[in-house]
Amino acid sequence: MNFKGTLPTLILEALESESDHGYRIAQRIKERSRGVLDFKEGTLYPALHKLESDGMVESYNTVESGRTRRYYKITASGSAMLARDRAEWHTLSQAVTMILGEVS
Amino acid sequence: MTLENWLTLATRRLSTSAAAQVRTEIREHYDAALAVALAGGATHAEARRLVLNNLGDPRTANCDYRRVLLTSQEARVLREGAREADTVCSRPWIKPVAFALYLLILAASAGFALTGRVPYAIDALCAAFGLSPFLAMIFVPINTPARGFLFRCARWIAMSTAPLLILGPDAWRYSWLLLSCLAPLAVTEITRASLRRKLPIKAWPRHLYL
Chain A
1 MNFKGTLPTL ILEALESESD HGYRIAQRIK ERSRGVLDFK EGTLYPALHK
51 LESDGMVESY NTVESGRTRR YYKITASGSA MLARDRAEWH TLSQAVTMIL
101 GEVS
Chain B
1001 MTLENWLTLA TRRLSTSAAA QVRTEIREHY DAALAVALAG GATHAEARRL
1051 VLNNLGDPRT ANCDYRRVLL TSQEARVLRE GAREADTVCS RPWIKPVAFA
1101 LYLLILAASA GFALTGRVPY AIDALCAAFG LSPFLAMIFV PINTPARGFL
1151 FRCARWIAMS TAPLLILGPD AWRYSWLLLS CLAPLAVTEI TRASLRRKLP
1201 IKAWPRHLYL
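From first to last, the protein sequence lines stand for chains A and B.
Sequential numbering from 1 applies to the first sequence in the numbering used here.
Sequential numbering from 1001 applies to the second sequence in the numbering used here.
Looking at chain B on its own, in the form it has when it is part of the complex (with noise of 0.2 Å):
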């Protein structure tokens, strides 16, 4: 084994920042082992094989490496997390629409009550329930670890539940349609708990307290 299949194998999946920092920091150590071993007497390949093997099993070193530093998946989680944050905030007209939008669900659903349309008024309140933590990450100020995590939980209860009280006794029959919807999410939301794990606080962007 060489130096480079080493690093190849310790910085597998790892972010470009993060495999960057990894050779780096693995080449210095490699050079400070290397000459304390030249002067120690050792051959050039003997040295080499020597400093390896303290290094040890390079997939050992990966596992403990993914642990602490960004993933490819990660980064790229991160990187579209902020894209939609700004995307967000760069849009003026969003929270506006997005407030008149749920406004209209909700009166659409005073409207089928007073129709008596009953079941309709039901799912459109569903869906409202449904979309209302979208709106709070709008415009409530989460900020604070507490209160992401409560955001989070009530996200989860809403986007959960709701399609199950519009679904109602036929939820059992798509709940296929609604697990492959909820399992990208999931996916997303191990990531970001990844992520919050691994960042300092002071480090978080506004959207990972989401």
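So that you can see chain A by itself, here it is in the shape it has in the complex (with noise of 0.2 Å):
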């Protein structure tokens, strides 16, 4: 399903309980929309540093297993900014919802 646009709000739900590395940021959104929101992986990683670069989450290495990942995690002004995505999703989805309902 194509959901442009959303991915960095989606990111952001990910990182909001704990932070993580892309693989499963990636692993994490498939498996909570139930495989609906199949992106292509090479998208998350541009997605994940504009929102470093717009402050909305930072990032910082750990070893892991003998290995170096590069982790991410939610900033204030990126919690901030999903709590205003969060408020203005429900809002649009009741309308349409409204919408498709008396059609159908």
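None of these hints come from the bench; they were simulated from the model.
Treat the hints with caution; some may be incorrect.
Taking lysine-lysine pairs in the DSBU-like style, the calculated list, with each CA pair at most 35 Å apart, reads [to be verified]:
#1 Lys73/A x Lys1202/B
#2 Lys1095/B x Lys50/A
#3 Lys73/A x Lys30/A
Which bits of chain B does chain A cover? Going by a derived footprint, with three or more residues having C-beta under 8 Å, they are [stated by the list, open to error]:
#4 1022-1028
#5 1045-1059
#6 1064-1072
#7 1193-1201
Backbone N, C-alpha and C fix where the C-beta goes; we use that ideal spot for every residue, glycine too.
With the hints as a guide, bring both chains together as one complex.
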């Protein structure tokens, strides 16, 4: 399913509970959407870089099983943006559901 | 397609440091995804194919990366800007000489006017007008995004109107010359705009405000 534009919000949502690395962020989004949001993982990192340069997430390196991994964690600005996006999404989805519900 | 081919396409025209960053993070991702696929019972060949397929089209990734990371052209503009700024800052005589030259042009204009050569006086005045943003660049503290924006607007107005004023009715005839002089500056300006968008304001070097 095409969900371009919502990927940054989904990334912030995936990072809200705990910091994580790129691969697990992608898997978490896919699992939580039960495979509906099956995006190409190569597009995840540019979105993460954009969020990082906007100050929405921070990254740090950590060693895991002898390997250096880059972890991402949500910032206060990121949490605020996520709350705003979530509220907007609820309003939008309610409006669309009202319209589509009327048609059917 | 191999991972190396994928990375070559995905890092095309990125700066050296950005390309290295992409290579590291995609290799990390690839290793993690490969381990999961192998643990799931896939053969090495199947796992590699699956992981590369999940990464998607490297050209699309390259477009996305070029929107957020520095390209080789942007890195070059950043380097050249830093070198130019160093050149100006490390030579204390540049400021007084630039100011003296500016005063000299104004004095020449006044001299022409007093001796009755009005067209020359106007030309010299127009040249001074065209050069004024470059003088402002050295003397005015342009260190906020708002001031930088105002300065760039003023510079473009001065740079494009001064030659038109000097050439007068002949401006149309020499438009090819004006356009070919301004085109490289416009390309640099567009690259700098892209740099301002990509870098956080805190990371802007002073010359990026200009």
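Please check whether the region 1064-1072 of chain B has three or more residues whose CB lies within less than 8 Å of a CB on chain A. holds (count 5)
Q) Do three or more residues from the region 1045-1059 of chain B put their C-beta atoms closer than 8 Å to C-beta atoms of chain A? A) It holds, with 5 qualifying residues against the three required.
*Taking a Cβ-to-Cβ distance below 8 Å as contact, does the region 1193-1201 of chain B have at least three residues touching chain A?*
Contact hint for the region 1193-1201 of chain B vs chain A: holds, 3 residues under 8 Å.
Subject >> Within 8 Å of chain A (C-beta), three or more residues of the region 1022-1028 of chain B >> reply: holds (count 5)
Measure nothing beyond the straight line between the CA atoms of Lys1095/B and Lys50/A; if it is 35 Å or shorter, mark the hint as holding. violated, 39 Å
- Item | Hinted pair Lys73/A and Lys1202/B, Cα distance within 35 Å | holds, 20 Å
*35 Å limit on alpha-carbon distance, applied to hinted pair Lys73/A and Lys30/A*: Holds, because 19 Å separates the two Cα atoms, which is no more than 35 Å.
Hint 2 alone, counting from the list given before, is not met by this structure.
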